[in-house]
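Protein chains in written order, with this note's numbering: chain A, 109 to 318; chain B, 83 to 346; chain C, 8 to 283; chain D, 7 to 425.
Watch out, some of these pointers could steer you wrong.
Keeping only pairs whose Cα atoms sit at most 20 Å apart, straight-line, the calculated SDA-like set for lysine to any residue is [unchecked claim]:
# : chain 1 : residue 1 : chain 2 : residue 2
1 : D       : Lys-57    : B       : Pro-219
2 : D       : Lys-263   : C       : Glu-241
3 : A       : Lys-174   : A       : His-258
Label pairs and their computed distance ranges (CB to CB) [claimed, not checked]:
# : chain 1 : residue 1 : chain 2 : residue 2 : range
4 : D       : Pro-193   : C       : Gln-160   : 10 to 20 Å
5 : A       : His-309   : B       : Gly-262   : 15 to 25 Å
6 : A       : Gly-143   : C       : Trp-11    : 13 to 23 Å
7 : C       : Trp-11    : A       : Ile-145   : 19 to 29 Å
Calculated from the structure, these hints are not laboratory results. Note that this is a predicted model, so its numbers are computed, not measured. Using N, Cα and C, we set each Cβ at its ideal position, and we do this for glycine too.
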Amino acid sequence: MNTTDAINRNASKGTDDVRGKTIFFFGIVGMLFLGWIIFPFFIYAPVAQPVQFSHSTHAGDNVGLKCVDCHSYDKDGRFLGIPGTSKCAGCHSHTIGVSDEEKKFVDEYILRHKEIRWVVYSSQPENVYFSHATHVKVGKLDCETCHFGHEFTDKLRPARFSRISGYSIDVSGSTLLDIPSTPSTGMRMDDCAGCHNKRGHKESCIDCHK
Amino acid sequence: MTNGNQVKSLTGKKHNFGMVIDVDRCTGCGACMIACAVENNVPPGPVDATDRTGITLMRVYKADNGMDFPDNESVFFPVSCQQCEHHPPCVSVCPQNAVEVDPATGIVGQIPVRCLGCRYCMAACPYHARYFNWWDPVWPEGMERSLNPDVSLRMRGVVEKCNFCFHRLQAAREKAAAEGRDEIKEGEYIPACVESCPTSAMTFGDLLDEGSEVYRLAQSNGSFRILERLGTGPKIYYFSEREWVRNIAEKDPASALKRGATTD
Amino acid sequence: MLPWVYGFTWQTGNIIFLSIFYSVVAVILGSFSIAAIRAFRDLKPDRLDEIRWHFDFESLPEFAKVCRHAFTGEVNQRVCRNGFDCRTCKVHSKITGVPRITKSVYSEGEIPFGLKISANCLYHRGHTWVRVESDGTLTLGLDKLAEGLVWSQCEADLPAVGTRLHVNGTGWYFRKEASRARVLSPVDGEVIAVGGRKEGFYLKVNPGNDSDLRHLLKGLEVGPWMTSEVERLEMALGASDGAVSLADGGVLLDNIAANYPEQGWEDILALMLLES
Amino acid sequence: MDRNRNNGTKDIRLVARGVNRMPFGKFLYLLVPWLIILAIGMYAIFLCLAKGLNQTNMDNRFAFGVWIFLDLSIIALGAGAFFTGFLVYILKREELRAVLNSAVVIGFICYSGAILVLMVDVGQPLRAWFTFWHPNIHSMLTEVTFCITCYLVVLSVEYAPIVLRNKKLKEVPAFLAMQYELHRIMPVLAGVGTFLSFFHQGSLGGLFGVLQGHPFAFREGLAIWPTTFFLFIISAAAAGPSFILLTTWIASRVSRKRLVSDNVFALLARISGSLLVVYVMLKSIDTLTWLNRTVPSLGLSGIGFFLWAPFNIWILFAEIIVFGLVPSLFLLFGSGRLRTGWLVASSVMVCCGIVLNRFVMTIQTLSLPTMSFDRFMIYTPSWQEIAAFLFVVAYGVIIYSLSFRYLRLFPQEIEMKVN
Chain A
109 MNTTDAINRN
119 ASKGTDDVRG
129 KTIFFFGIVG
139 MLFLGWIIFP
149 FFIYAPVAQP
159 VQFSHSTHAG
169 DNVGLKCVDC
179 HSYDKDGRFL
189 GIPGTSKCAG
199 CHSHTIGVSD
209 EEKKFVDEYI
219 LRHKEIRWVV
229 YSSQPENVYF
239 SHATHVKVGK
249 LDCETCHFGH
259 EFTDKLRPAR
269 FSRISGYSID
279 VSGSTLLDIP
289 STPSTGMRMD
299 DCAGCHNKRG
309 HKESCIDCHK
Chain B
83 MTNGNQVKSL
93 TGKKHNFGMV
103 IDVDRCTGCG
113 ACMIACAVEN
123 NVPPGPVDAT
133 DRTGITLMRV
143 YKADNGMDFP
153 DNESVFFPVS
163 CQQCEHHPPC
173 VSVCPQNAVE
183 VDPATGIVGQ
193 IPVRCLGCRY
203 CMAACPYHAR
213 YFNWWDPVWP
223 EGMERSLNPD
233 VSLRMRGVVE
243 KCNFCFHRLQ
253 AAREKAAAEG
263 RDEIKEGEYI
273 PACVESCPTS
283 AMTFGDLLDE
293 GSEVYRLAQS
303 NGSFRILERL
313 GTGPKIYYFS
323 EREWVRNIAE
333 KDPASALKRG
343 ATTD
Chain C
8 MLPWVYGFTW
18 QTGNIIFLSI
28 FYSVVAVILG
38 SFSIAAIRAF
48 RDLKPDRLDE
58 IRWHFDFESL
68 PEFAKVCRHA
78 FTGEVNQRVC
88 RNGFDCRTCK
98 VHSKITGVPR
108 ITKSVYSEGE
118 IPFGLKISAN
128 CLYHRGHTWV
138 RVESDGTLTL
148 GLDKLAEGLV
158 WSQCEADLPA
168 VGTRLHVNGT
178 GWYFRKEASR
188 ARVLSPVDGE
198 VIAVGGRKEG
208 FYLKVNPGND
218 SDLRHLLKGL
228 EVGPWMTSEV
238 ERLEMALGAS
248 DGAVSLADGG
258 VLLDNIAANY
268 PEQGWEDILA
278 LMLLES
Chain D
7 MDRNRNNGTK
17 DIRLVARGVN
27 RMPFGKFLYL
37 LVPWLIILAI
47 GMYAIFLCLA
57 KGLNQTNMDN
67 RFAFGVWIFL
77 DLSIIALGAG
87 AFFTGFLVYI
97 LKREELRAVL
107 NSAVVIGFIC
117 YSGAILVLMV
127 DVGQPLRAWF
137 TFWHPNIHSM
147 LTEVTFCITC
157 YLVVLSVEYA
167 PIVLRNKKLK
177 EVPAFLAMQY
187 ELHRIMPVLA
197 GVGTFLSFFH
207 QGSLGGLFGV
217 LQGHPFAFRE
227 GLAIWPTTFF
237 LFIISAAAAG
247 PSFILLTTWI
257 ASRVSRKRLV
267 SDNVFALLAR
277 ISGSLLVVYV
287 MLKSIDTLTW
297 LNRTVPSLGL
307 SGIGFFLWAP
317 FNIWILFAEI
327 IVFGLVPSLF
337 LLFGSGRLRT
347 GWLVASSVMV
357 CCGIVLNRFV
367 MTIQTLSLPT
377 MSFDRFMIYT
387 PSWQEIAAFL
397 FVVAYGVIIY
407 SLSFRYLRLF
417 PQEIEMKVN
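Okay, chain A solo, but in the shape it has when bound (with noise of 0.2 Å):
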């Protein structure tokens, strides 16, 4: 045998594993990436609003609304969400304002009577119950806790739902690490379990689940 054919050859062989080592890191590489930040990118379709709104303006100095002006209860302490349209024609009877969005929502609504489908951040499941009265009456804690920084948006970000469970990204998390990516996210079942543990309030799963 040769020796120096033993050589090339033992050489080639080195640079065929380097490549494979190479080839194998990077496959994992992509992988990840495509599993972690590709898929959960394209699971979750954008749903926009139907109307832009501006919390940080109705909120702000000017005009200095407060939330429960507008997001108030019934008189069994339901939540009623967020108002009709007839309440906002309170001051929008007709446009007030510069904004396009105004205008196309005085046109489209206001004068014609109609109530906007709002397209809900965080519907939770049909099996899940949560009072505001409880935690805000009883519970003393303000809007921001859980809405945080929602007063100071100037724009209605499109929300975003699985594609597979149709649930919302706000419900069902968007990251595999237990991070918030958006202030007003944490509202999964880890996020209301959370809080509960840390104020020491113990509870059985038909407290939240009907």
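Fit chains B, C and D to the known structure of chain A by using the hints.
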């Protein structure tokens, strides 16, 4: 999770809800069964459902004194989940913690979304008070609009049971919270079956509250519980002035056989 | 299940139950991974040969594993547990240490079933013979029984000159279409020359300095061994539902394979060559 | 000459060397009925999964039906796998190597079959992982789930080298190395398997022993387990070898070959017999304690449970005496003397006894009334339930037949030809 010492109810004080059913007043009309089904979004069974496969979270049994006419007397026992207090047979058997006793109210809660449908709890319950969803829930066209929004629907393949209309407690708590109260008032929360009973045979309330009617009745002479000997501490009490009725609760089932009762 | 899963509590029962579970899982996965890693490391020709022989030997029926000393009557009944490698066998060294008292029915040179046994050859249990040449090299060949079994017109994958052989490792292969039978190497050493079909399949091997041939059969052992092997062959032929039976005292045909339909022949050849 | 072997299909290349197997055509022909059953069973399973458990005749009272009963039975019968492994690898009873591979295959079939049926039996199979994610450690079912899953993994790892030893597969170097290395770790797995089996066989007994709501099944505890925990372990360990004996005999009859030596049969019989004697003794003590202490303390008469036709007192008699004591004595004292036929008949009785015991614990428990105004109920399984179970039987027969044909289940087979 169910360690009583650590409990701090979300809305103040600890309860132990229970019920007393005066079987002398029960006419066996079944209103409680209907009210329960309507309140809790129990779907109407399909045509091939039987009394053994349908869902009746509250079920009325008939018993008699075994005598021939004219001495024959009968009695009705509305039996729902007995909300056992001490080691409920269904809680410890559930492999995935879908059943637990709510320490703040003493109510045995079952979470259908956690349920795998293994039905071990059904086999464990001596009262046969647990029901399995053998079919997909289907309502006649249009009837689904009458569903109660406070109760979630159960899918096919899970077990469900009575939870003393826990959603009514939630609603009462919410109302109290809106009014700035920590605590619900007596009578603000009663389950649908109690509400519907036309002869007022059922009394519901907090067994820890010594001033309550339910406490008085539960402690009274004629009160008894079914299968108390098993030591599970059921929280549904029955009441009867008649001794033979009170004896039925603990009677050996085999004694009925000796009388020649049917075994089908 | 895990501390960060909702509902997890640090109760004693929980900790005991889960730690037992995790230990079980760890043991299962751990031992499986060890097996996988070891298997990966085993993927070297020499090691694979070793494993193959270990497996083949283990799969041999007990009667095919009779100790060489039982052939000569030095021990009454004994089954080899050492993979036919007498060099490391304690029993062998003990027995060879004492003078021989034999009860063998065959004396040297007698030929059962018409099979020639050469007195100056050493025999391996895998039906090869070894002849020590005057220059110290070894010549390896197939014995008469195996020769008679080899397919006609089959090809032999003989090792390249320079290949190192190991005892009970791969000597060479016989191949015909998809079938293949492996000939065990009877000795350690380096191949220095090969002979093909015309020369009757032989290898010349340089055994190196520490040549040890104690494990090979010789003299009185060969006859009884060959007899028992013929019996084994007869049984294997029976297994293939073959019609021909080797009546005692008959003579093996030179090319038995030719008289049998080909399928199943690989099995018989392989079985006789100690492959399972 | 039987031309079939030689002119038949190429599948003969997969058959182990040195053994005869029937021609492929005949093999396939014999499997056809089982394949048909398999197909019908698959359809039944499809119905149950697609339309729900309303396809069964189970109801709110008979929450556990024929599936749970048969699951318990086949898991008990599959105990031969762990027990043989334990005897071979831990107690070094090398004689039992002759049936070890077969026992592993039987165990694999029984456990995978049982899990398959369980997956159909639960209402929401896709939530099966909940038990792992949110386990309630106080539930016997949790213990069963964990142990059975782990043990099926162990059995699969034990089965793998048997498969990899197939004549063709082992020609792949990686497979050859893998089967060798897996074989080396086998004692560890046998140990783990024994541990797991011990617990889940027991937990299956505990499953019913803890039912305080059903005095018929309820048993008082030793440590944290009811007595049925221990009775199930011993009965499964006793029935396992009997079932191995039985299946080996069947395989040998069907293939018309001797597969193991008679002393292996005798040893299996002796093991089964001696364990069964212990079991019958403990079971009798347990029954007497239950009748005289547990039940009266609940204000019931023990005999009251046996007044409901068709489950009269005969069932107790049959379970303990006819299918317990009698075969145990046959197996124990006859292992060396009796002909194999007798041992096989006794093994059949042992298996029947175990099945009857599991029947009593599941079906009879649920059929008895608990409240005095309650009814005694019986239930007849629907065809879907029967078919789904027969699916597992057919699956088992097919897997075993394939394994028998292509893998080396009985290492003594070649030797047995000589004698």
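Here is how each hint holds up against the structure:
1. A C-alpha spacing of about 12 Å is found between D/Lys-57 and B/Pro-219, which places the hinted pair at or below 20 Å, so the restraint holds.
2. With a C-alpha separation of about 18 Å, the suggested pair D/Lys-263 and C/Glu-241 falls inside the 20 Å cut-off, and the hint holds.
3. Under the criterion of a C-alpha separation no larger than 20 Å, the hint pairing A/Lys-174 with A/His-258 is consistent with the structure, at around 12 Å.
4. A hinted range of 10 to 20 Å is violated for the C-beta pair D/Pro-193 and C/Gln-160, which are about 47 Å apart.
5. The hint said 15 to 25 Å for the Cβ distance between A/His-309 and B/Gly-262, and at roughly 19 Å that hint holds.
6. For A/Gly-143 and C/Trp-11, the hinted distance range of 13 to 23 Å is satisfied, since their beta carbons lie about 21 Å from each other.
7. Remark: the range hint 19 to 29 Å for C/Trp-11 to A/Ile-145 is upheld by a beta-carbon distance near 22 Å.
In the structure shown, a violation is registered for the earlier hint numbered 4 alone.
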